[in-house]
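Colleague: Sequence:
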Amino acid sequence: MSDSRCEKRYKKRLSVKFGHDKLDHIGYLSDISSQGFFVESRAIYKSGVVINLELTTRDGAKILVEGKVQWSKKGNPRLNHIMKSGMGIYIQEFLKGEDAYLSLHDFKEE
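Be aware that the sequence shown starts at 97, since it is given in our numbering, and climbs by one per residue.
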């Protein structure tokens, strides 16, 4: 299966809350690019759904994003070490903290 992503991903581990109207699900962001990221979570949405996400950096800064689920996969909980459940998120709009997000990795160097 070919990788359709145009940008390189960078490993990060940040907590994230997400949902439609309320941020009622939790997960972890496990890799990032300037255009999106992967959220590890048992709670997933179908591809095409637009959700709100709140990322928390290690220094406590909040980043609010409106994102579109590009793909999602629900893995078996007993095999989570092999196949993680989660969603690929495309960032549609930064609602707060764009500079904080971009500083997670210096995307301008590329």
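Incorrect hints may have been included.
What the hints assert, rightly or not - Here are the simulated lysine-lysine pairs, PhoX-like style, with alpha carbons at most 25 Å apart:
1. 118 x 142
2. 118 x 180
3. 108 x 142
4. 180 x 142
5. 169 x 142
6. 170 x 142
7. 180 x 192
8. 170 x 118
9. 118 x 164
10. 108 x 170
11. 142 x 113
12. 113 x 169
13. 158 x 113
14. 192 x 118
15. 164 x 142
16. 108 x 180
17. 158 x 192
18. 158 x 108
19. 118 x 158
20. 169 x 118
21. 113 x 170
22. 192 x 164
23. 113 x 164
No lab work stands behind these hints: they were computed from the structure.
Small disclaimer: the values here were computed from a predicted structure and weren't measured.
Colleague: Does residue 164 lie within 25 Å of residue 192 when you go C-alpha to C-alpha?
Modeller: 17 Å, holds
Colleague: Under the criterion that the straight-line Cα-Cα distance not exceed 25 Å, is the pair residue 192, residue 118 satisfied?
Modeller: Holds, because 16 Å separates the two Cα atoms, which is no more than 25 Å.
Colleague: Holds or violated: residue 118 and residue 142, Cα atoms, limit 25 Å.
Modeller: 17 Å, holds
Colleague: Is residue 170 within 25 Å of residue 118, Cα to Cα?
Modeller: 22 Å, holds
Colleague: Check whether the Cα positions of residue 118 and residue 180 lie no farther apart than 25 Å.
Modeller: 24 Å, holds
Colleague: Does residue 180 pair with residue 142 here, judged by a C-alpha cut-off of 25 Å?
Modeller: It holds: about 16 Å lies between the C-alpha atoms, which stays within 25 Å.
Colleague: Does residue 113 pair with residue 169 here, judged by a C-alpha cut-off of 25 Å?
Modeller: 18 Å, holds
Colleague: Please verify whether residue 113 and residue 164 have alpha carbons no more than 25 Å apart.
Modeller: Between residue 113 and residue 164 the Cα gap is close to 15 Å, so the pair holds against 25 Å.
Colleague: Are the Cα positions of residue 142 and residue 113 separated by 25 Å at most?
Modeller: 17 Å, holds
Colleague: Just to be careful, I want the Cα atoms of residue 158 and residue 113 compared with a cutoff of 25 Å; is the pair within it?
Modeller: The given pair, whose Cα atoms are some 11 Å apart, holds under the 25 Å limit.
Colleague: Given the hinted pair residue 108 and residue 170, is their alpha-carbon gap at most 25 Å?
Modeller: 21 Å, holds
Colleague: For a C-alpha distance cap of 25 Å, please report whether residue 118 and residue 158 respect it.
Modeller: 16 Å, holds
The earlier numbered hint that this structure contradicts is number 7, and it is the only one.
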